[in-house]
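Could you put the whole structure together from the sequences, leaning on the hints where they help?
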Amino acid sequence: MIRTLLALLRRDLARLLLGGRQAGAVMPVLFFLAVAMLYPFAVGPDAPLLARTGGGVIWVAALLAAILPLDRLVEPDIELGMFDQWALRGIAEELVIAVRVIAHWLSFGPPLILAALPAAALLGIDGAALRTVELGLLAGTPGLAALGVIVASLTAGLRGGAALSGLLVIPLAVPLLIFGAGSLSTGGDSGIALTAACSLVLLAIAPFAGGAAVRAGRDA
Amino acid sequence: MQGCRLSADDLACRRGERVLFAGLSLSLAPGEALHVAGPNGIGKSSLLRILAGLLRPFAGTVSREGGIGLIDERPALDPALPLGKALAFWQRLDGPADDQLARLGLADLLDVPVRYLSTGQKKRAALARLLGQSAPVWLLDEPLNGLDHEAVVLVESITAEHCRAGGIAVIASHQPFAFEAMQRLELAEFAA
Numbered sequence: 001m002i003r004t005l006l007a008l009l010r011r012d013l014a015r016l017l018l019g020g021r022q023a024g025a026v027m028p029v030l031f032f033l034a035v036a037m038l039y040p041f042a043v044g045p046d047a048p049l050l051a052r053t054g055g056g057v058i059w060v061a062a063l064l065a066a067i068l069p070l071d072r073l074v075e076p077d078i079e080l081g082m083f084d085q086w087a088l089r090g091i092a093e094e095l096v097i098a099v100r101v102i103a104h105w106l107s108f109g110p111p112l113i114l115a116a117l118p119a120a121a122l123l124g125i126d127g128a129a130l131r132t133v134e135l136g137l138l139a140g141t142p143g144l145a146a147l148g149v150i151v152a153s154l155t156a157g158l159r160g161g162a163a164l165s166g167l168l169v170i171p172l173a174v175p176l177l178i179f180g181a182g183s184l185s186t187g188g189d190s191g192i193a194l195t196a197a198c199s200l201v202l203l204a205i206a207p208f209a210g211g212a213a214v215r216a217g218r219d220a
Numbered sequence: 221m222q223g224c225r226l227s228a229d230d231l232a233c234r235r236g237e238r239v240l241f242a243g244l245s246l247s248l249a250p251g252e253a254l255h256v257a258g259p260n261g262i263g264k265s266s267l268l269r270i271l272a273g274l275l276r277p278f279a280g281t282v283s284r285e286g287g288i289g290l291i292d293e294r295p296a297l298d299p300a301l302p303l304g305k306a307l308a309f310w311q312r313l314d315g316p317a318d319d320q321l322a323r324l325g326l327a328d329l330l331d332v333p334v335r336y337l338s339t340g341q342k343k344r345a346a347l348a349r350l351l352g353q354s355a356p357v358w359l360l361d362e363p364l365n366g367l368d369h370e371a372v373v374l375v376e377s378i379t380a381e382h383c384r385a386g387g388i389a390v391i392a393s394h395q396p397f398a399f400e401a402m403q404r405l406e407l408a409e410f411a412a
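Protein chains in written order, with the numbering used here: chain A, 1 to 220; chain B, 221 to 412.
Be aware that a few hints might be false.
Not everything, but these chain A residues come out facing chain B in the computed CB check (under 8 Å) [said to hold, decoys possible]: (1) 7; (2) 52; (3) 80; (4) 81; (5) 82; (6) 85; (7) 87; (8) 88; (9) 89; (10) 219.
No lab work stands behind these hints, which were simulated from the structure alone. None of these values were measured; they are calculated from a predicted model. Just so you know, even glycine gets a beta-carbon here, dropped at the ideal spot from N, CA and C.
Now the structure itself:
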């Protein structure tokens, strides 16, 4: 069991973090920083306005950056027949999906949390707000990872799956965004706690929803 | 080889709106092999996936004892990885096994990324994965596709060895498969 878990995690991390032929974890981070860099150009160099709205922009950029790797989360493994081979070895889809959520989070969560530091500097966000943004991202990105894997499992094999999964993630991520970015205006930790609660719910259902979606995809 | 058994009772398979076959029963004891024959689209692959438990039969039941090894058109090896590393992933899941790479003609290809391998080489690599799994029940879907003459003989002798050692093999193929102890199932007889 532990050996299986470690083997799966090691493979997932090699694929998602280093990316093989693709860019891996670098792409979402660069995308995230590019959005943070573009925003002052769009609204102008008004420092108080940037500082007031910057936290929200970081949140939106993080959400969009989390969507980028969705199309290679689940679908390639179904096409390769990996899920079938795992099933024959008695490795449940739920376990594979749970490991995938962890690997997906590790490949974009911590990098984004780190990249939020230079982004906050670009937007002129002060220390207290930065702390709220960072804690909020720490609480919210696991939920985004779980949501991403659920949606990637559901849309695997569909025509236009990549675009569709982006469209599906955005409305479902609204609670995370409301509580996460909302904690900036209230300045309280309650928003962060609610973000974490949303994340926990998503993390709890992700293995079962994702596993069921992969199994249902076999009969299609 | 541990005790194994594969039997199916009154199977029917439906793909979309079409029933492909119905009323199919089979039973295989250790050491037995079965050649599922028939033209394209008759449901050979679907039958194998039902036997593997990956596809729900429209009717009927399957009972299996012992681990199942499956080879189909997908090698289940990461295309970006060198062959050695892609096989090593399965070895970590399946545990150590006898090194058969030289016999399969793969010993010199371990550094080559899987996506550069030819169709036949990928098939050999999938065989290496299957041998490493040490599953008593083999389900081989078109195992001879893309293989040269020598490799065809090799697959036939590996299958014969597997059955002599007490394993079960089900081979779906439209090509002839030289293994004298093999039963033959014409899927067309069960077409609905």
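Here is how each hint holds up against the structure:
no.: 1; hint: 7; in the structure: holds (4 Å)
no.: 2; hint: 52; in the structure: violated (45 Å)
no.: 3; hint: 80; in the structure: holds (5 Å)
no.: 4; hint: 81; in the structure: holds (3 Å)
no.: 5; hint: 82; in the structure: holds (5 Å)
no.: 6; hint: 85; in the structure: holds (5 Å)
no.: 7; hint: 87; in the structure: holds (6 Å)
no.: 8; hint: 88; in the structure: holds (5 Å)
no.: 9; hint: 89; in the structure: holds (6 Å)
no.: 10; hint: 219; in the structure: holds (6 Å)
Comparing the model with each numbered hint stated earlier shows that hint 2 is the single one that does not hold.
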